[in-house]
Amino acid sequence: MKHETRKARLQVNQNEGLIFEKSSSGKAAWKLPPLDVPEVDAAALLGSAERKDLGNMPEVSEIEIIRHFTRLSTWNYAIDLGMYPLGSCTMKYNPRVNEAVARVEGIANGHPYQPEKISQGALHILKTLSECLIEITGMDAITLQPAAGAHGEMTGLLMVRAYHQSKGNARKKILIPDSAHGTNPATAAMVNYAVENLKSDSRGMVDIAALESQMSEDVAALMLTNPNTLGVFEQQIHKIADILHAKGGLLYMDGANMNALVGKVRPGDFGVDVMHLNLHKTFSTPHGGGGPGSGPVAIKKILEPFVPTPVVVTKSDGTLGFDYHRPQSVGRVRAFYGNFGMFVRALAYIQANGPDGLRQTTEDAVLNANYIRKGLEGTYDLPYSTPTMHEVVFSDKLQAKKGVRTMDIAKRLIDYGFHPYTTAFPLIVPGALMIEPTESESKEEMDLFIEAMKSIAEEVEEDPQTVLDAPHSTRVSRLDETAAARKPVLRWKPAV
Amino acid sequence: MAYPTDRKYTKEHEWIQPSGTTATVGITDHAQESLGDIVFVELPKVGAELVAGKTFGTVESVKAVSDLYAPASGTVTEINGDLATSPEKVNKDPHGSWMMKIALKNMGELDGLLSAVDYEKFVAEEVGH
Amino acid sequence: MRYLPKSPADREAMLRAIGLRSVDELFAPIPAEYRLSHDLNVPRQMAESEIVGYFRQRSRENGEGYTSFLGAGAYSHYRPVIIDSLISRGEFLTAYTPYQAEISQGTLQSIFEFQTMICELTGMEVANASMYDGSTAAAEAVMMAVRLTGRRSVVVARSLHPEYREVLATYATHQGMPLSVAGFGDDGRLNLAELEKSITPETACVLIQSPNFFGTIEDVAAIAEIAHKHGAMLVVSIAEAVSLGIVEPPRQADVIAMEAQSFGVPLGFGGPYCGVIATREKYVRQMPGRLVGQTVDKQGRRGFVLTLATREQHIRREKATSNICTNQALMGLMVNIFMTVYGKVGLKELAKQNLAKTAYAAAQFAKRGKVLFSGAPRFNEFVAETSEDPHAINSRLLGHKMVGGLPLKKFYPELGNAALWCCTELTTRSAIDTAVGLVAVTIGPVRSAKEEAGLEEVAR
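Chains as they are written, first to last, in our numbering: chain A, 1 to 496; chain B, 1001 to 1129; chain C, 2001 to 2460.
No lab work stands behind these hints, which were simulated from the structure alone. Where a beta carbon is used, it is the ideal one built from N, C-alpha and C, also for glycine. Be careful, since some hints might not be right.
Stated by the list, open to error - Among chain C residues calculated to face chain B with C-beta under 8 Å, some are: (1) Thr2310; (2) Ile2315; (3) Arg2316.
Turn these sequences into a full structure, and let the hints guide you.
Below, the structure is given as structure tokens:
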């Protein structure tokens, strides 16, 4: 390394095989209490439905399980260890009080079908979170049912379709900017809408002239991310909304980048008709290695009749309950009520912040991204000079001259003790480096990040091979993804 | 590189080698190089009717999927089963690894395609951008 | 605010470095007419002790300390404590999706183990890294069958969880997938004659649940034969994962869509849970969701990566197998640990205890009401019909801090005063005896088969 990295150093790290490789007959980590009812003869009760063999399921002791997973955990990077500069992922601190309150007995063990009389606690949480999210987004109503952002997009588009259908014309297509996340077009297809691409202008924003010419009575909605995936706020958002509304179309907002807006501006105020939120981004619920998430969908009044069933209502006796009588509802998008555990965590986050905390959080998120932008300007190519909000996108144009691409720089960043930023997205920036620090990063952590990125840029000039072969400090070096895709091995099998 | 002259080429980087009223189809060296390591080739079923210029399948690398476009209209008579187990053959020998054979509907369509020399020029221009 | 790691001095220094005077300048791109001039109207900032106090109060209002006999797709099983000890480690809890494999081997290897064990338990060849839950997994599995067969219609068993059927209807509505429902017989199982009549050359798949919504185990082999001889696929939904310890998995299925919540995921008032799709290797390219594969690094060391990503939304976009991105990974880890703790012997013993408790409860209930569907084997749920309205019975039980079985009238009106009861290894004999004692003494009215059929017709 050009400078010895101040953030990280190598240390011996435990090896660990697959749990099946530790298994042997007679070991056990479980014990059940004695049966207080008569034993049964499974063969007699189940007949041919009786299972005799559990195959190669493992048999190990408790300490082996603790060591197994503890060792595995030490091979992971995590927010608790340091910054994740991933764009549009909003890798912020996952507060521990969230975990504690989610585990309080009545909350953790409530059955979704228990009588309403003893569900007032859960119903109160649903109602309170809904009210907070409606206030935050500036919308009129909300459904908490979708399990993740993509699920929320699907729910939102189902409501868009139902709305248009109620007006006599379901319409045929959805406009999607070329800078959009892949879930947007994938979702439109699931709801049987054709996808029409909308080009971005030279500043990376929606091309208003293009929108005007492409908008018609065949377009059901425009799916917009604001700020967009370049971190740029659509300054013409009013015009965009007007163009859509003039021809009866709706404005859908992908709320993935809400971390730039909470407490400073409300999508409902600038013309959004329907939007989803990502509780696992903006509202601090943990990523857990890939999920769970939660994707509530907030809407304007015109879409309220179509919301998934059931909705929370206050009954005449003042208690809360579920209303299933919703004749125009799009139906259910999942069993039960949604990822309730995430609602608890998101509400605890809002409570810990309060109105001032939410605003300060957004201010710090935008300040942090701009600080990094300033720190790396000149070292990395900045394709768009438009002001950025909570995330900034560079490109690998300068480094590509030496044959080094964004993925290589990302892999080298690992040796400096950081998780890579988002590589190769958005698609409109070839060789993109998409960076979102979030408000959870201290000045110190960001200075270390800027230092690391500058050091790597120097290495690209002086010793590009080091970057091309990175990472050098991990348990495994770059893995053969081609072989994994050509001859997939998707499970362990015992040796024959 | 010098592209084989016994066949015609499309701007979508497929080649088509006629033999009487049938033709063999594959992708060019430039195509396999831009795709990188190929992990999967999706081909149509035997008997499928193809229309010139429309997609007939896909070729996948680890990080991307590309559509394959029919160079000419016709009916699929044979597909190369080898590619299901060894897609890397397309990388190793793109001009020798055929993907499908079709019974041509309209021989005249081939006249509109690029010769080896014209294709080479086309690739050089594309790469130059 | 205590989550923000910057002092006022830090902020000053940063603004200076950027060349700005105040943070307001950073929000200039937002048109002035929309910029909020005052803070949001949400509850004031609370101390941690206040937040805990708030949720403790909600917990008291949420049936804390009650004994429950509810199942119906969400099951109360004991959760070994090491599950939370391990998943609470920051390196699991706060880790991102393992796209950068070199620093995510912990997550990737544990998913690989999860995929393996799901295959072992379900008898399938490949399993994915999780779906949102059992209901959406079933809907996505059906869509998979539609893609694979090129046919569009679906036959659904009425003995499949009613809310799963609602979800499927929502997903199917705009995909041009006509759904037809085949009813159940006196034994609580899918009526095979009705199934035979419902299948057409356009049927992509038959969707059933086993053990079904009533707890009854379906005749999967017979159903598979009927489906397959008509060229349709068989998709089987499994809502009670613990059943796999003692009940033969549906090995004749083409796709299994599971809910793994029973394996160590808290009831949590309905979510987050853990769906999974498992299938045959030949269908893997049409499978939605993430997949972890084994490979080697440049030095030949074994490692794991996300693979076959070209099926997914971030590459295939509108042609993807699904729009799913974020899944239920942390729940998958809970499930993984649970399966590892119980293992080959424990899962069987656990399932046997569930079987025993339920058999005892059903026998006791049979003395005070009518236990339906006794003509076929069941796992840990049964349907009891009483002369008294189950809502009234349940009110009585609530007074004893007990939650009775789920009244079924709203889902199956023809079943009248029937309720669905569930017993797991956590249900005590004394709780069962108390509950049974509180149920009315009369036996339910006996209906003729013709009357039953007539009622089913009306109900549909």
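Evaluated hints:
The interface hint given for Thr2310(C) holds, since its Cβ lies 5 Å from the closest Cβ of chain B, which is under the 8 Å cut-off. A distance limit of 8 Å between C-beta atoms decides the matter here; for Ile2315(C) the minimum to chain B is near 6 Å, and the interface restraint holds. Taken as an interface hint, Arg2316(C) checks out: its beta carbon lies about 6 Å from the nearest beta carbon of chain B, inside 8 Å.
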